[in-house]
Amino acid sequence: MEISIWQAFLIGLIYYLGTVGTPWLTLLGSISVVYRPLVGGTLVGLVLGDPVTGCIIGATINLPYLAFISAGGTVPVDPGLAGALGTALAMAAGVQPSVAVTLAVPLGLLGTMIWVAHMTVDVFFVHMADKAAEKGDIDKICFYHVVPPQIFMFLITVIPVMIGAYYGADVVKELITLLEGKPLHVLSVIGGILPALGIAMNLRAIGRKGTMAFFLFGFLIAVYLHLDVLTVALFAGIIAYIYTILLAREGGLENESGSI
Amino acid sequence: MNQEVYNSDKKLSKKDVVRAFWRWTFFSHANYNYERLEATGVVHCLAPILKKLYGDDKGEFKAAIKRHMLFYNTEPHFGGVINGMFIAMEEERANGASITDEAINGVKTGLMGPFAGIGDTLWQGTLTPILLAFGISLGIEGNLMGPVLYTALMFGIMLPVAYYMWMTGYKLGRSGIQKILEGNLLKSVMIAASTMGAIVLGALSAQFVSLSTPVMINVGGGSMALQADILDKLVLNLLPLAVTLFTLYLLKQQKKATTVLGILMALGAVGGVIGLF
Numbered sequence: 001m002e003i004s005i006w007q008a009f010l011i012g013l014i015y016y017l018g019t020v021g022t023p024w025l026t027l028l029g030s031i032s033v034v035y036r037p038l039v040g041g042t043l044v045g046l047v048l049g050d051p052v053t054g055c056i057i058g059a060t061i062n063l064p065y066l067a068f069i070s071a072g073g074t075v076p077v078d079p080g081l082a083g084a085l086g087t088a089l090a091m092a093a094g095v096q097p098s099v100a101v102t103l104a105v106p107l108g109l110l111g112t113m114i115w116v117a118h119m120t121v122d123v124f125f126v127h128m129a130d131k132a133a134e135k136g137d138i139d140k141i142c143f144y145h146v147v148p149p150q151i152f153m154f155l156i157t158v159i160p161v162m163i164g165a166y167y168g169a170d171v172v173k174e175l176i177t178l179l180e181g182k183p184l185h186v187l188s189v190i191g192g193i194l195p196a197l198g199i200a201m202n203l204r205a206i207g208r209k210g211t212m213a214f215f216l217f218g219f220l221i222a223v224y225l226h227l228d229v230l231t232v233a234l235f236a237g238i239i240a241y242i243y244t245i246l247l248a249r250e251g252g253l254e255n256e257s258g259s260i
Numbered sequence: 001m002n003q004e005v006y007n008s009d010k011k012l013s014k015k016d017v018v019r020a021f022w023r024w025t026f027f028s029h030a031n032y033n034y035e036r037l038e039a040t041g042v043v044h045c046l047a048p049i050l051k052k053l054y055g056d057d058k059g060e061f062k063a064a065i066k067r068h069m070l071f072y073n074t075e076p077h078f079g080g081v082i083n084g085m086f087i088a089m090e091e092e093r094a095n096g097a098s099i100t101d102e103a104i105n106g107v108k109t110g111l112m113g114p115f116a117g118i119g120d121t122l123w124q125g126t127l128t129p130i131l132l133a134f135g136i137s138l139g140i141e142g143n144l145m146g147p148v149l150y151t152a153l154m155f156g157i158m159l160p161v162a163y164y165m166w167m168t169g170y171k172l173g174r175s176g177i178q179k180i181l182e183g184n185l186l187k188s189v190m191i192a193a194s195t196m197g198a199i200v201l202g203a204l205s206a207q208f209v210s211l212s213t214p215v216m217i218n219v220g221g222g223s224m225a226l227q228a229d230i231l232d233k234l235v236l237n238l239l240p241l242a243v244t245l246f247t248l249y250l251l252k253q254q255k256k257a258t259t260v261l262g263i264l265m266a267l268g269a270v271g272g273v274i275g276l277f
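Those protein sequence lines, which keep their order, are chains E and R. Sequential numbering of the first sequence, starting at 1, is according to our numbering. Sequential numbering of the second sequence, starting at 1, is according to our numbering.
Please note that the accuracy of each hint is not assured.
[Stated by the list, open to error] Here are the in silico distance ranges between beta carbons for each label pair:
hint	chain 1	residue 1	chain 2	residue 2	range
1	R	Thr259	E	Asp170	28 to 38 Å
2	R	Thr168	E	Gly210	24 to 34 Å
3	E	Thr231	R	Lys171	30 to 40 Å
4	R	Val18	E	Leu216	43 to 53 Å
[Stated by the list, open to error] In silico DSBU-like cross-links for lysine-lysine, where the CA-CA straight-line distance does not exceed 35 Å:
hint	chain 1	residue 1	chain 2	residue 2
5	E	Lys182	R	Lys252
6	R	Lys62	R	Lys171
7	E	Lys135	R	Lys252
8	R	Lys252	E	Lys209
9	R	Lys179	R	Lys233
10	R	Lys15	R	Lys52
11	R	Lys171	E	Lys131
12	R	Lys14	R	Lys62
13	R	Lys52	E	Lys131
14	R	Lys62	R	Lys11
[To be verified] If you want the ones that stay clear, here's a sample from chain E, every Cβ over 12 Å from chain R, calculated:
hint	residue
15	Trp6
16	Val34
17	Ala93
18	Val95
19	Leu155
20	Ile159
21	Pro160
22	Tyr167
23	Val171
24	Thr177
25	Leu178
26	Glu180
Honestly, the hints are just simulated from the structure, not real lab data. Glycine included, every Cβ here is placed at the ideal spot set by N, Cα and C.
Just chain R, with the same shape it has in the complex (with noise of 0.2 Å):
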């Protein structure tokens, strides 16, 4: 893996890095800020593999902390390769190879954007509501294998899918990364991701945004409704659609999302007294 010769003394255990999985699996946001977000998770999940790479030398000991205690935010499961990464980078950097603080910083910052991306397409934007349109289906009838099977097809697959990545990461260590960034694999996952997401999106805003109006209109002699004779005809669903594309409209004007979700109140309250919805 690593071309450079060096003692090897410090090697990491499986155990040590699965260990640092199970820290961050529980513990990534447990003080998540505006600051630095998950800074002090990294530095927690790394505890003990630091104590042991780094442990007969306060200097290095201290210096390798400070690097991990700057500004760090991906999604947390799929970005776990990331910290399986930099693990396997700490790991050479203890045994003489010469990785600078540099190297290790590109690595997260240059990664953390893309996968906290692809991560939350495939996790809060796809398999979360999917996952959910399906337990609340069986939930609101009064079944209880609605939030059973919910809860659990959640973890059977996240839980995997994380620990996939975070040992794939410490794998590939830093040859990883070059294949990462030079190849297409990363866009690849990013387009499909998304790819899916959006038809996903669309299926959801059809079926769970609801909108209509009761206007009557009075065309000579007899009256028509707004939603069934005209809006009805020309699109099914035209008006939770109109507001899904207005919504996103908003948030491209670089409109923060609780101005947004004021507005939508707003039209929602406004519409609601005069009848128009």
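Okay, chain E solo, but in the shape it has when bound (with noise of 0.2 Å):
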């Protein structure tokens, strides 16, 4: 399958749209919607003109990034990226989504760098806002605010993602019959354990008295009892509130230490 240049930029774009505080479609939208391998993949398959198999490699991707948590402007990979181009040359080169998923785990590393780097260059724009703080101009902080970050971001997301789209395939291609064996085999272990990292960055931010019994808890009834998350999740919403109300009345809420 061929990326036509139109079809490269439109990639950029949904790449673009999903990267963390991009205002068009809320917060919410950036970072919980079209960033996530899953939606973005299946926007990536509609541009190249096949939506199922955008969705089906899209899914595949997402599945080391599933408890990816950005806390405190921390972010160690970027399934964004992962989702958007990984998606798209995995279609443009035609692979499985087995393969697809391995592929796109050094992008989602390398997608950081791109978040680094809006990081820190709006701090510049911070300052500008300081000037125009002093001077009780509101207007062009909000200004500040929204154009020149959203113009860096734009340049720097949908640029390299155009390129990486349009002139990718090819190199995958390649890349794939080199990869074959023992460096694929790799990669899709090391994406085996990447879902570790996500689930561990929330556990250590929870990180309270107890949540060790709990995490076994659910670790041992989705094992052996084989249920979905789904169903996990309403028995932990029961289990929770009851935890809650037996700790309130045991007068354990006074020796909760952490809370404010």
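Dock chain to chain to rebuild the complex, using the hints, since each chain is given by itself in its own frame.
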């Protein structure tokens, strides 16, 4: 499959729309929706004329980033780039979803450079806003808050992805034959353990007494009772409710540290 | 709501408060940065309100802008309750109530951490993986309802939550802060959220972290598969559990997420090459 220059541009645009902070679809529409390869991949498929294949590949690429968390401005991997560019290249090169996910892993790592660039350069616009604040010019602050950072973000997201999608397919085809065997196996091992990072980061963020017991409980009922995540979540909600009430009755809330 | 006597001609309408909510919903992270994170997002969402409240007093107007140019970072949907509160405080202040800069700042810095904790646990740690697991299970079979339902549920749940938090914060205003800080409400919500989150994360690690070993062990005459004959007999999915706990251990050693990521990749690469995984 060939990717035209216009399709490449639209794929870049999908990546831009999914990048955390772009205002067009609300913050939620970026980080929680288009950023996720399940959705981003489907949109890329739509651009390339086959949304179903895009959806299958996107969903597969999404697996390592299931419990992805962005907290306090740190982002260890970039599911957005893995989803948008990863799906595009996989479709263009005609590879299996299981191979696509391993190809997308390095892309997800590269994407963090774009994040760091935007988080760093945006500091510059805050200082310009400071000057406007001295003059009491709030319209200018609003301008600095939206226009320059978004133009910068647009450029650093659309251009690399456009180039990658337009020229990448042939490279990927060659790469696949080169990587055949051991290297692809190694990438798939890494892809398999990647979800552990998101899960552990979430656990660390929770980090209160008793967390590990509940974590192990969730693990064991999923493994041995074969319950899916949604069902476990329903049980978890009830258990959390009862546990909190019992803890409050015991006066345990007063001893709770780290709340405020 | 407020006992002090002041002239309340600078009343914010519901429309003003809702407008600020939408400005925040779309633009909160438009200039997200390492130095002050959501600071300019706060000023941006407040712009029409500050103009209305302090438009006739240049000094107060400038002071209000500077007050909100400080570091601010919280989870933007659940944490919107804080924005609602400081909007109510700004309204009272503009009408003569004695609310200091420190009081407004105290509310922001005091509550942003706890609400980031609650919000991130519920939104990124619990709701998102649940909905994704559901959407992916459909999508991976080529069912377009996967991404469509995922998107609809995400917006359908989170936007009403965010709106409710925002309006509640505004209605409670200053008195609400006392309620939240003195009572056990915040602690209860945090404990319930983290309990539910921990259980769901356990289930996720069981279903979505995958690691197995092809190693065969020669015992006497025959050979045993390390995975099927030993590890699986102990605890199913023992290796995924171990790698998750190992990752958590590394993070608890104050290692950066990117460093931990590097270690995991090295582990996978070395293990994959030597035939351990």
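Tested hints:
| no. | hint | in the structure |
| --- | --- | --- |
| 1 | R:Thr259 - E:Asp170: 28 to 38 Å | 35 Å, holds |
| 2 | R:Thr168 - E:Gly210: 24 to 34 Å | 29 Å, holds |
| 3 | E:Thr231 - R:Lys171: 30 to 40 Å | 36 Å, holds |
| 4 | R:Val18 - E:Leu216: 43 to 53 Å | 44 Å, holds |
| 5 | E:Lys182 - R:Lys252 | 32 Å, holds |
| 6 | R:Lys62 - R:Lys171 | 26 Å, holds |
| 7 | E:Lys135 - R:Lys252 | 45 Å, violated |
| 8 | R:Lys252 - E:Lys209 | 14 Å, holds |
| 9 | R:Lys179 - R:Lys233 | 52 Å, violated |
| 10 | R:Lys15 - R:Lys52 | 12 Å, holds |
| 11 | R:Lys171 - E:Lys131 | 34 Å, holds |
| 12 | R:Lys14 - R:Lys62 | 24 Å, holds |
| 13 | R:Lys52 - E:Lys131 | 22 Å, holds |
| 14 | R:Lys62 - R:Lys11 | 20 Å, holds |
| 15 | Trp6 | 23 Å, holds |
| 16 | Val34 | 9 Å, violated |
| 17 | Ala93 | 19 Å, holds |
| 18 | Val95 | 16 Å, holds |
| 19 | Leu155 | 15 Å, holds |
| 20 | Ile159 | 20 Å, holds |
| 21 | Pro160 | 20 Å, holds |
| 22 | Tyr167 | 26 Å, holds |
| 23 | Val171 | 22 Å, holds |
| 24 | Thr177 | 19 Å, holds |
| 25 | Leu178 | 16 Å, holds |
| 26 | Glu180 | 14 Å, holds |
Checked against the numbered hints above, the structure violates hints 7, 9 and 16; every other hint is satisfied.
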